[in-house]
Amino acid sequence: MIDCEMLVDKMPLVAPGAAAWTPEETSHLIACAECAASWRLVQAAPRLGASAAARIDPARIAERLREQLAEDGRARWWRRAGWLTGLAAAAALSLVVWEGRQREPSATPTIVSASSAEFTVPLAELEGLDTGQLESVLEALEAPLGEAGGGPIPSFGDLDDSQLERVLRSLEG
Amino acid sequence: MSQLAPIPPAVPTDADLVRAYRGGDEAGASLLVARHAGSLARFLAGTGADPGEIDDLVQETFYRAFRALDSWRGESAFRSWLLTIGSNLVKDQYRRGKGRTVLSIDDHDIAAQDDPAATLDASEVERSLANGLTRLPRLQREVFLLRAQQGMAYEDIAHSLKTTPGAARVHYHHAVKRLKELVA
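Chains as they are written, first to last, in the numbering used here: chain A, 1 to 173; chain B, 174 to 357.
No lab work stands behind these hints, which were simulated from the structure alone.
Listed next, with one range per pair, are the computed distances between beta-carbon atoms:
no.	chain 1	residue 1	chain 2	residue 2	range
1	A	A91	B	P310	54 to 62 angstroms
2	A	I30	B	N261	38 to 46 angstroms
3	B	R195	A	D9	34 to 42 angstroms
4	A	G73	B	A326	29 to 37 angstroms
5	A	D160	B	L312	53 to 61 angstroms
6	B	R195	A	A91	27 to 35 angstroms
Which stretches of chain A does chain B cover? Using the computed rule of at least three CB atoms under 8 angstroms from a CB of chain B, they are:
no.	region
7	7-16
8	33-40
9	44-55
10	64-72
We put the beta carbon where it would ideally sit given N, CA and C, even for glycine.
Let the sequences and hints guide you as you build the complete structure.
Written out as structure tokens, the structure reads:
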């Protein structure tokens with residue numbers, strides 16, 4: 001006795017030649033209209049999309065795939081380089097901030113210039129000066145910075161927000 | 174003294190080719206494409222992709238698969254994994270409104286046969302089958318195609334579609350039953 005369900009299960013194996021019908025199963029396929037109809041459908045299924053498959057060119061697809069993956073690799077490299085650059089910039093900035101903080105706790109407030117605190121003036125000493133003396137100190141603040149020969153000194157406009165804040169904090173004590 | 178027959182070179186498995194590709198051998202990718210592109214195209218056509226877009230879909234499926242190659246650990250067959258990616262691609266495309274469930278069958282889809290009457294019968298069955306598939310629920314359609322078109326085992330189908338082999342078998346039988354009603 002042939003089980004129709006078992007026969008339908010076997011059909012996808014027989015259609016491509018991976019299995020064969022037994023004589024008994026063949027007789028059943030002739031006699032059973034339901035199984036015969038199932039068999040026609042299953043036989044037709046592998047032929048669906050045959051023209052679509054014939055039109056594609058695997059060699060061209062493989063070549064394009066290689067290009068796409070290479071582009072991806074390049075994009076990944078640039079993304080990684082971007083991250084590393086960002087990290088390096090963040091580390092440099094942290095160092096600048098950390099150096100600035102190291103100098104902040106000193107007893108006398110200091111003016112920190114953009115040239116990384118090379119030029120500092122103890123403000124407490126300025127309190128005893130009269131107007132004329134203060135003006136000469138101010139002149140001295142401007143002149144030596146430019147004349148010291150230590151390279152171009154950035155103006156406040158060249159400072160970024162954090163550096164400006166540090167300068168302001170040091171001025172405010 | 175008997176001579177030993179030369180041992181034929183072993184055909185690399187899909188897993189071998191994936192390993193080779195991961196190791197930097199690009200030929201592994203080319204061989205995988207050559208091995209599976211045709212089946213993928215037939216499957217995509219069967220799932221309802223626009224015939225004019227099959228080429229692009231095959232390309233995109235391979236691209237997505239190779240980008241996600243680390244997620245394939247060999248538990249399922251490479252082909253079933255690839256077909257699942259292709260199926261999801263068609264589904265995404267359909268959701269975005271770019272795709273159409275076409276499943277029309279052109280004359281070139283009909284396999285040439287010597288007997289004109291048989292050719293006519295075959296073409297009629299294929300046309301009816303293609304139309305019938307459009308009316309099946311997605312899961313039934315995919316199980317039918319994976320089983321009847323791709324010849325996959327229920328275990329592989331179950332793994333691909335995240336179901337059980339028993340459920341896959343039930344879907345297959347329901348699909349066959351429903352298609353017989355639609356084709357009749």
